[in-house]
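Given next are the chains, with one letter for each unit.
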Amino acid sequence: MHLLNTLYLTTPDSYLRLENQTLAIEHNHELKLRVPLHHLSSVVCFGPIQLSTPLMHGLAQQGIALVLLNEQGRFQARLEGPMAGNVLLRRAQHQAGQDGERSLALARAFVAGKLRNTRSLLLRGAREAKTAEDEAALTRQAQNLAASLRALPASADLDQLRGIEGEAARQYFAGLSLLVRADARDAFHLRDGRTRRPPRDRLNALLSFLYSLWMNDCRSALEAVGLDPQVGFLHALRPGRAALALDLMEEFRPLAERLALTLINRQQLRAEDFVQREGGAVSLDPEARKAVLVAFQERKQEALQHPLLAEPLAQGLLPLVQARLLARAIRGEADVDGAPASYVPYLIR
Amino acid sequence: MLVIVCYDVNTETREGRRRLRRVAKLCEATGQRVQKSVFECQIDLAHMEELERKLRAAMDETQDCLRLYRLPETRGAEVREYGRFKAVDFEAPLVL
Numbered sequence: 001m002h003l004l005n006t007l008y009l010t011t012p013d014s015y016l017r018l019e020n021q022t023l024a025i026e027h028n029h030e031l032k033l034r035v036p037l038h039h040l041s042s043v044v045c046f047g048p049i050q051l052s053t054p055l056m057h058g059l060a061q062q063g064i065a066l067v068l069l070n071e072q073g074r075f076q077a078r079l080e081g082p083m084a085g086n087v088l089l090r091r092a093q094h095q096a097g098q099d100g101e102r103s104l105a106l107a108r109a110f111v112a113g114k115l116r117n118t119r120s121l122l123l124r125g126a127r128e129a130k131t132a133e134d135e136a137a138l139t140r141q142a143q144n145l146a147a148s149l150r151a152l153p154a155s156a157d158l159d160q161l162r163g164i165e166g167e168a169a170r171q172y173f174a175g176l177s178l179l180v181r182a183d184a185r186d187a188f189h190l191r192d193g194r195t196r197r198p199p200r201d202r203l204n205a206l207l208s209f210l211y212s213l214w215m216n217d218c219r220s221a222l223e224a225v226g227l228d229p230q231v232g233f234l235h236a237l238r239p240g241r242a243a244l245a246l247d248l249m250e251e252f253r254p255l256a257e258r259l260a261l262t263l264i265n266r267q268q269l270r271a272e273d274f275v276q277r278e279g280g281a282v283s284l285d286p287e288a289r290k291a292v293l294v295a296f297q298e299r300k301q302e303a304l305q306h307p308l309l310a311e312p313l314a315q316g317l318l319p320l321v322q323a324r325l326l327a328r329a330i331r332g333e334a335d336v337d338g339a340p341a342s343y344v345p346y347l348i349r
Numbered sequence: 350m351l352v353i354v355c356y357d358v359n360t361e362t363r364e365g366r367r368r369l370r371r372v373a374k375l376c377e378a379t380g381q382r383v384q385k386s387v388f389e390c391q392i393d394l395a396h397m398e399e400l401e402r403k404l405r406a407a408m409d410e411t412q413d414c415l416r417l418y419r420l421p422e423t424r425g426a427e428v429r430e431y432g433r434f435k436a437v438d439f440e441a442p443l444v445l
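Taken in sequence, the protein lines are chains A and B. Note that my numbering gives residue 73 to position 73 of the first sequence, counting from 1, and the numbers run on in steps of one. Converting from the second sequence to my numbering requires adding 349 to each position, the first position being numbered 1.
Hints listed in this document are in silico derivations from the structure and should not be mistaken for laboratory results. Remember, predicted model here, so these are calculated numbers, not experimental data. Careful: at least some of the hints might be erroneous.
Unchecked claim - For the chain B half of the interface with chain A, some residues (derived, Cβ under 7 Å), not all of them:
(1) GLU377
(2) TYR431
(3) PRO442
All C-beta atoms, glycine included, are put in the ideal place defined by N, C-alpha and C.
Required output: the full structure, derived from the provided sequences and hints.
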C-alpha cells in the first residue's frame with residue numbers, strides 16, 4: 001500500500017488551477033509550485049484559498065478529495081467524486097446501527113482502543129518522568145484508566161459506556177500537563193480541562209488543530225472503503241455530524257496528543273507561537289501552524305508496527321487499515337476461527 | 350521509482366515545434382522540469398510504460414530522440430543537485 005501525499009494550503013489568497021494534469025499554485029501571479037495530480041490523494045485548503053472550476057473537475061475525476069477548512073482548521077466542506085464503495089456494505093452498516101447489541105459492541109471497541117492507547121501514553125510518560133512525584137501521579141492515572149477499561153464490558157448500554165469514557169477523559173485531561181516538560185508547564189496546560197469552540201489555552205488550541213487533521217484522515221478513510229461516515233455507533237447521529245469518523249478517531253486521539261507533546265517538549269512550539277484573540281480564544285499563529293502541518297505529515301510517514309498485520313505500516317495508513325477492519329466487522333464476515341469478526345482497534349505498543 | 354526523461358526534438362520545421370510542445374506537455378503532466386529538456390518523474394512502472402507509449406506516439410523517431418532512465422529507490426541518494434534549481438520532493442510534506 002502506498003501512502004499518497006496530502007497538499008496543505010495555508011497561504012491566504014493562493015490561487016490554484018489545473019494546468020495540463022498538474023495542480024499549479026500561484027500567489028500574486030507568481031507560480032509557486034506545480035504538483036502532478038498523481039502524487040496526491042487530497043488537497044486541504046485553510047481559509048481564503050482560491051481555486052478554479054476546471055481544477056475541481058480534475059480532482060473529482062482523479063478521485064482526489066478537496067477539503068475546505070476555515071482558518072482555524074475547522075471542517076467546512078468536502079468535494080469528492082461519485083460515492084465509492086458498495087451499497088450492500090452501507091446497508092449492513094445501517095442495520096448494525098439499529099441493532100443495539102452490535103452498536104454497543106462496536107462502541108465499546110472504540111472506547112477500549114482510546115483508553116488503552118491513552119494508558120500507553122501515560123505509562124511512557126511515567127517511565128520518562130523527571131521527578132518521582134510525576135512518575136507516581138502518572139502511574140496512578142494509568143491505573144485509573146485500567147480500572148475504566150475493566151468496567152467497559154459491564155456497561156449495559158451506550159449511556160453507561162459514554163459515562164465511563166467521559167469520566168476517564170476528564171481525569172486524563174486534568175493530568176495531561178504532567179506530560180509536558182516542567183519548564184513549559186506554565187505556558188502549556190489545560191486551564192479548565194478540555195475546552196473547544198473555541199479552545200481557551202495553548203494546549204487546547206494545539207490539540208483541537210491536530211484532532212481536526214486526524215478527523216479529516218479518518219473521514220477520508222471511511223469514504224475510501226465505502227462506509228458512510230455519518231452513521232456512527234458510539235457518537236449519536238446528528239445532522240451534518242460525521243459520527244462514524246468521530247468513532248474511528250477515538251483510538252487515534254492519543255497519537256495526536258503524543259505529537260502535541262513532542263512538539264512542545266522538543267520546543268518546536270513555544271508560547272509565542274500562539275495568539276490570544278478577543279473573547280479569550282487561543283489559536284496557532286500562521287507560521288507555527290505550517291510547522292505543525294509539516295510535523296504531522298512527517299509523523300504520518302513514520303512506520304509503526306501493526307499488531308494484527310504484523311508488519312510495519314506508515315502511521316498515515318492506520319485510518320485506512322482500521323476502516324477496512326471495521327468494514328469487515330460490519331459486514332459480519334467470518335474470522336479465521338469461523339466466528340463473525342469483531343472490530344479490533346489499533347493498539348500502540 | 351525515479352525516472353529521468355530527456356529528449357531532443359528537431360525544431361527546424363513547424364511540425365517539429367508542434368511535436369516539441371506535445372512532448373513537453375506530456376512530461377510536465379507527469380513530473381517536474383529540472384532542465385530545459387530533462388524531467389524527473391516519481392512514478393511506478395505502469396505509469397512509466399504509459400508515459401513512454403504516449404511520448405513515442407508524439408515524437409518522430411526519424412528526427413527526434415528520447416531517453417528514459419529508471420533509477421531504483423536508494424533512499425534519496427539518487428540525485429545530487431547544485432545550482433539555481435531545487436527540485437520539489439512530492440513525497441515529502443507539501444505545505445504552502
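Which numbered hints are broken by the structure, listed smallest first? 2
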